[in-house]
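Student: Heads up: the sequence lines are chains A and B, in that order.
Okay, so the first sequence: first residue is 1 according to the working numbering, each after it adds one.
Okay, so the second sequence: first residue is 1001 according to the working numbering, each after it adds one.
Some hints here could point you the wrong way.
[To be verified] Just some of the chain A residues that point at chain B, by a computed CB distance under 7 Å:
1) Tyr38
2) Asn141
3) Asp155
4) Ser165
5) Ile172
6) Phe199
These are calculated hints, taken from the structure and not from any lab test.
Even glycine gets a Cβ: it sits at the ideal position worked out from N, Cα and C.
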Amino acid sequence: MSEEAIQDEHEVQKQNYSDREKAEIFDAEFMPHVDSMYNFAHRLTFDEDDAKDLVQDTYLKAFRFINSFERGTNAKAWLFRILKNSFINEFRKKSKQPSKVDYNEVEQFYNSDDAGEKITTDLRVETVQHMIGDEISGALNSIAVDFRTVIILSDLEGFTYEEMSKILDIPIGTVRSRLHRARNMLKEKLASYAKEMGFNKEN
Amino acid sequence: MSEFSDWFKHTFKNCYCDKGNLIDEKRFAEIVQLVLDNEADEESRAIFEQKISTCVKSNFTFEKEKTVREEILKKLSEHNKEIPNDLAQTIRNSVNL
């Protein structure tokens, strides 16, 4: 995330914390989210070292631009936004397998009427109950990162649509539709995996 | 009035035929998502709850979606990566705290 981008949102509320206040904010408001940040980073990068680097980098930026953070506001969403942008701007570029998919095109397809039939999946409760966390996590990880991200933010981290809209820099209506498509993709992956493994036989 | 009040009304209406039977499960799934995500406003939620209390098909779809989602979430939450022991301290050191 660029310096401008971090400062942009809070330009009018720029703070002037003392060193002691900065340390207090960092410890009390930023550090409690390390575990969530690491899990998010790992689900984006699939690599322990990259996840660690990404989290460290995020905290360094957060400290550097701490005067752009208003004490008592949503620190978790602010940190997630920095992490997400760092991932897009730096880590994705460094990736050995950079994204070759135009996500706008994917999203347009899934938002079109034609896509309806293809993304309707009859995933049974019993099928999911048969699966272990590893299998479900694998299915989630196989979804394109922009879609995977909304599931992580909403279902695992509990962000509201409005918070997600700010973290991802997309309209709130897009959050709703992207989340719906993402969950359908996940169900489709789980259903096809279950079929391969014979989980969904009648008896 | 929330961001999705108009969207809810329009979509909900199109889910049902004149007799009140659920005819568009795909659209209904989007409504269910909004409700389960706690993004539907009070009025929309009341309309939704009234409907699922009288329509078996709507109720079944809602309960199934809710249970599948809970199962997925439970298993994903149990599958979080172990946090490196030194991460918090490394971060503190890097900003000289």
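Student: Hint compliance check: list the failing hint numbers for this structure, sorted ascending.
Tutor: 2, 4 and 6
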